[in-house]
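Visitor: Residue-level listing of the chains:
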Amino acid sequence: MATDKELSDFLEGVERRAFKQAAYAVRNEESALDIVQDAMIKLAEKYGDKPVEEIPLLFQRILQNTILDFFRREKVRSTWVTLFSNIITRKDGNDDFDILENFESEEGTEASESSADKVEREQMLALLDAEIQKLPARQREAFLMRYWEDMDVAETANAMGCSEGSVKTHCSRATHALAKSLKALGIQL
Amino acid sequence: MNTDIKQSSLSQASAELEFAYKVRRTLDEHVNSLPESTTNRLAAARKMAIARKKPESALHVLAGQRRLAGAGAVGHARNPFNDSLSWLVRVGIAIPLIVLVVGAFGIYQYEEARRIDELAELDAAVLSDELPLSAFLDHGFDAFLSKHGE
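Protein chains in written order, with the working numbering: chain A, 1 to 189; chain B, 1 to 150.
Pulled out of the complex, with its shape left as it was, chain A reads as follows (with noise of 0.2 Å):
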């Protein structure tokens, strides 16, 4: 059984990666920050009692299932609210996506910067986070669990729901994707 501490060290290391992989998937930082709280209130909750080396798995698959779960309350709200669905297509759909507008506003924040070198770090990080957030939702969800969470094929595939096949195709076409489209912008990892 985790204890205290090795569950919130845990909480610790995962949250940023959490937040960012939910930000990504919903693109607002109020409700990704609602959505890793509530994925991190449910793992305590229910699986506060598992052994420690189990936790990281049961956390990506809480955090995924909250994800959907945060698709599904919208789509609800969306269709009471009105009847039309450019809410849901602007939510889910990639192409009325603008990466200038996302761009800019984090340019915003970096008035004061004065180095042009860290400027431009962050305009490129930016642009690969508005990139990653392009990405197709399941080859995004491979694409980080397999490489920033250091999870394996099996591991993936369990957390997703699918079979270890599709993890590497998802994988592979998120890793190719995401070369080209960075190759494109001229940015250079």
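There may be inaccurate statements among the hints.
Which stretches of chain A does chain B cover? Using the computed rule of at least three CB atoms under 8 Å from a CB of chain B, they are [to be verified]:
1. 29-42
2. 117-131
3. 154-161
Using 25 Å as the maximum straight-line C-alpha spacing, the simulated BS3-like pairs for lysine-lysine come out as follows [claimed, not checked]:
4. B:Lys22 x A:Lys118
5. A:Lys42 x A:Lys75
6. B:Lys147 x A:Lys168
One-sided excerpt, in silico: chain A residues whose CB lies under 7 Å from chain B [as the list claims (entries may be wrong)]:
7. Glu15
8. Arg16
9. Glu45
10. Val81
11. Tyr147
12. Trp148
13. Thr175
14. Ala179
15. Ile187
Think of the hints as simulated: they come from the structure by calculation, not from any bench.
Glycine is no exception: its CB is placed at the ideal position from the N, C-alpha and C atoms.
Starting from the known structure of chain A, arrange chain B on it as the hints suggest.
Guide: Leaving out everything else, chain B in the frame of chain A:
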């Protein structure tokens, strides 16, 4: 030919992996420069989650609550009652089981004794009863007595 294909797929896989790890490094860098308001919210969420951590398995909590209702903070890691709790939980499960087994055995014994008494009373009543006159007039009964009397 096959070796060439294998080598090219291997080099492609390693190039993919290398690119993925570059992205990972960049993302790590990015994540370490999150605004303070965000990191504070995350820390607060973490503390809230830890405060609501599931203390023990459901069975232990249930048994603990029955045995120690009102003792407060049941099953907490730093609870001084924690050590005695597991012992009490075991006793709490064992005592009702023993009572159940002893009770079932007692009921069986009582029912058995009652049944024997009833049969004895019946036998005594039959043995002490005088035979009706019609029985002696019954030839079949005579034959029965002579046959079984032998």
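Visitor: Output the indices of the hints that this structure fails to meet, ascending.
Guide: Violated hints: 3, 6, 10 and 15; rest satisfied.
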